[in-house]
Amino acid sequence: SAVISQKPSRDICQRGTSLTIQCQVDSQVTMMFWYRQQPGQSLTLIATANQGSEATYESGFVIDKFPISRPNLTFSTLTVSNMSPEDSSIYLCSALPQRHGYTFGSGTRLTVV
Amino acid sequence: DAKTTQPTSMDCAEGRAANLPCNHSTISGNEYVYWYRQIHSQGPQYIIHGLKNNETNEMASLIITEDRKSSTLILPHATLRDTAVYYCILKKSSGDKLTFGTGTRLAVRP
Numbered sequence: 110s111a112v113i114s115q116k117p118s119r120d121i122c123q124r125g126t127s128l129t130i131q132c133q134v135d136s137q138v139t140m141m142f143w144y145r146q147q148p149g150q151s152l153t154l155i156a157t158a159n160q161g162s163e164a165t166y167e168s169g170f171v172i173d174k175f176p177i178s179r180p181n182l183t184f185s186t187l188t189v190s191n192m193s194p195e196d197s198s199i200y201l202c203s204a205l206p207q208r209h210g211y212t213f214g215s216g217t218r219l220t221v222v
Numbered sequence: 273d274a275k276t277t278q279p280t281s282m283d284c285a286e287g288r289a290a291n292l293p294c295n296h297s298t299i300s301g302n303e304y305v306y307w308y309r310q311i312h313s314q315g316p317q318y319i320i321h322g323l324k325n326n327e328t329n330e331m332a333s334l335i336i337t338e339d340r341k342s343s344t345l346i347l348p349h350a351t352l353r354d355t356a357v358y359y360c361i362l363k364k365s366s367g368d369k370l371t372f373g374t375g376t377r378l379a380v381r382p
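Just so you know, the protein sequences line up as chains A and B, in that order.
Taking the working numbering, I'd label the letters of the first sequence as residues 110 to 222.
Taking the working numbering, I'd label the letters of the second sequence as residues 273 to 382.
Check each hint, because a few of them may be wrong.
[To be verified] BS3-like cross-link-like pairs, simulated, lysine-lysine; straight-line CA separation at most 25 Å:
(1) A:LYS174 x B:LYS369
(2) B:LYS369 x A:LYS116
(3) B:LYS341 x B:LYS369
[What the hints assert, rightly or not] Derived coverage of chain A by chain B (criterion: at least 3 residues anywhere in the stretch with Cβ under 8 Å from a Cβ of chain B; other residues may be distant):
(4) 147 to 155
(5) 198 to 205
(6) 210 to 217
Because the hints were derived from the structure by calculation, they are not lab data.
Note that CB positions come from ideal geometry on N, CA and C, so glycine has one too.
Let's have the full structure, built from the sequences with the hints guiding it.
Structure representation (structure tokens):
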């Protein structure tokens, strides 16, 4: 299955700033997904990113807060904008390769102070 | 996608089989049962999936009842490295999203 490299693995950011998280897949994938995992909680889907089109956001998530880029079939970024302490979470990307098993990055642990 | 219900936590002894149940009484005919696990500080890892037949791979076995309203993930010889949160997820054959529930926290004890 595909392997995803996610960067950064962790960061501590000041409130009001923005952080861009990158995910690189070692093979071309049709769809990529971004999740948020708040402390002690399960994963919540933020958006689905297809190459060449606007990302599709889930209820409660908006493009202004979480802009996503998908410039090609192996790469995507998620930006967490104008951060507040409530944005402190683990952010994970996922890819849908040809086979059934979705692959996940190792996550970005974000702390906003 | 339909909802699943899993016990919040379970434990088993190292070397013994771990049987993790999942109820999905409102499953649709075109929904697969997927199992993922998340080891602490890592991203989720795919384990196995099935539609209606029992499945086995190098990691685990998946037993789906005949009416498809429940399933069981079996780790035949649990090790300490199997300590993780296990998620049972339903996904439509034509859909692409994975929707995670709360999962079962499995603790394997020495």
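Right, here's what the structure says about each hint:
1. A:LYS174 x B:LYS369: 21 Å, holds
2. B:LYS369 x A:LYS116: Holds. LYS369 of chain B to LYS116 of chain A sits at ~23 Å (cutoff 25 Å).
3. B:LYS341 x B:LYS369: Cα-Cα ~21 Å, so holds.
4. 147 to 155: With 4 residues close enough to chain B, the hint holds.
5. 198 to 205: holds (count 3)
6. 210 to 217: It holds, with 7 qualifying residues against the three required.
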